[in-house]
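*Asks:* What follows is the residue order along each chain.
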Amino acid sequence: MRRKPGALLPIELSILETAITLRVRGAKYFHGFMIARELKQQQNARLLTAHGTLYKALDRMRKLGFLESEWEDPLVAAQEGRPRRRFYSVTAAGEAALVNAGEPVTAAVPNRQKGLAS
Amino acid sequence: MSRLLDLSIGVTRAWSATYTRGLPHDLRAERREEIDSDLWDHQRLADLEREPANGIANQILFRFVLGIPADLLWRIEAGSTKQATRRTSMNSTPLMRIGLVAAMLPLALLVVFGVTFMLGNGDWENSTEHWLWRVAFLVAPLVGGIGLWLCATQPRLGMALVLAGVGSSAFLMPWMTPITVPIGLIVIAFAIKRSGLVIWPFRPGTTGPTGTA
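Top to bottom, those sequences are chains A and B. The numbering of the first sequence is the numbering used here, which starts it at 1 and goes up by one. The numbering of the second sequence is the numbering used here, which starts it at 1 and goes up by one.
No wet-lab data here; the hints were simulated from the structure. Incorrect hints may have been included.
Stated by the list, open to error - In silico contact screen, one side only, chain A against chain B (beta carbon under 8 angstroms); selected entries: (1) Asn44; (2) Leu47; (3) Pro83.
Claimed, not checked - SDA-like cross-link-like pairs, simulated, lysine to any residue; straight-line CA separation at most 20 angstroms: (4) A:Lys40 x A:Leu64; (5) A:Lys63 x A:Asn100; (6) A:Lys40 x B:Asp26; (7) A:Lys63 x B:His25; (8) A:Lys63 x B:Glu30; (9) A:Lys63 x B:Ile76; (10) A:Lys40 x B:Leu48; (11) A:Lys28 x B:Asp41; (12) A:Lys28 x A:Gly81; (13) A:Lys63 x A:Lys40; (14) A:Lys28 x A:Glu68; (15) A:Lys28 x A:Ala7; (16) A:Lys40 x A:Pro74; (17) A:Lys40 x B:Gln59; (18) A:Lys40 x A:Gln79; (19) A:Lys40 x B:Leu66; (20) A:Lys28 x A:Ala93; (21) A:Lys40 x B:Val65; (22) A:Lys63 x B:Ala29; (23) A:Lys63 x B:Gln59; (24) A:Lys28 x A:Gly102; (25) A:Lys63 x A:Pro83; (26) A:Lys63 x B:Asp41.
Glycine included, C-beta positions come from ideal geometry on N, C-alpha and C.
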């Protein structure tokens, strides 16, 4: 069965909620492993989200315009001796999608106006 | 670092190299780099938290295995988008449109023959066998033409119809083989080009011998 265009999966809703929570805590951008770790903590899960599930969801959300991404400066990554990261941030469309999905955004974001404003 | 951890990281990286094979370079490199970064962060965090290496290895393996279906779905979607884009851009060129008309001409000519046979022209009897031959003369080139048309949107079905239509048309006229076989081969080559299927010796995005068909 095909999904409605633009309809969000539970994992995608969780990513949006978690990303907005992170932003309220001061982290405007997140990368794949960071969101996986946050999801695990929030959901009290035993395992981190599988690679395929996580990156497929991020890719789809980016294509739908709910997230935007940019690659880290390779020099910064090289200085720290690690692969460069892809940083994501939630767009206004992503915030709207979360609200439209009827998720309790206010529960995740104590001060919603402040959280969505930046 | 334990051997199991080495193995789990190696397997995950090998898998990401495998399922991204054949994708455009940038798309492939980005997905692989993202997985590499994730593995590095996972390992780094485990080191900081002093988790046992084998436990981390198991977690990485679980993440890899549980993500395989999503990886494959992503790969299918990424591949189909790439093919559709390539087909659309390729078929929108004037040369390809001219090629389609040119490839349709011999098939249209055969349809005309088929119609005249149906109307009773030629050395035909009014028997069931001869009616079947008449129908075959009409249907075979029609099937080929429909296949040629469908090649751009449904490449596999289109190619199957082209092969069936062109092949049976040639079979129906064995005395015309010196003409039908080369023309049929040109039509088939054009259909391959139009479908965007990667079949040797045609490479995607190149203009092959069918461009002048």
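*Asks:* Which of the listed hints are broken here?
*Replies:* As far as the earlier hints go, 1, 4, 6, 12, 13, 15, 16, 18, 23, 24, 25 and 26 are violated by this structure, in ascending order.
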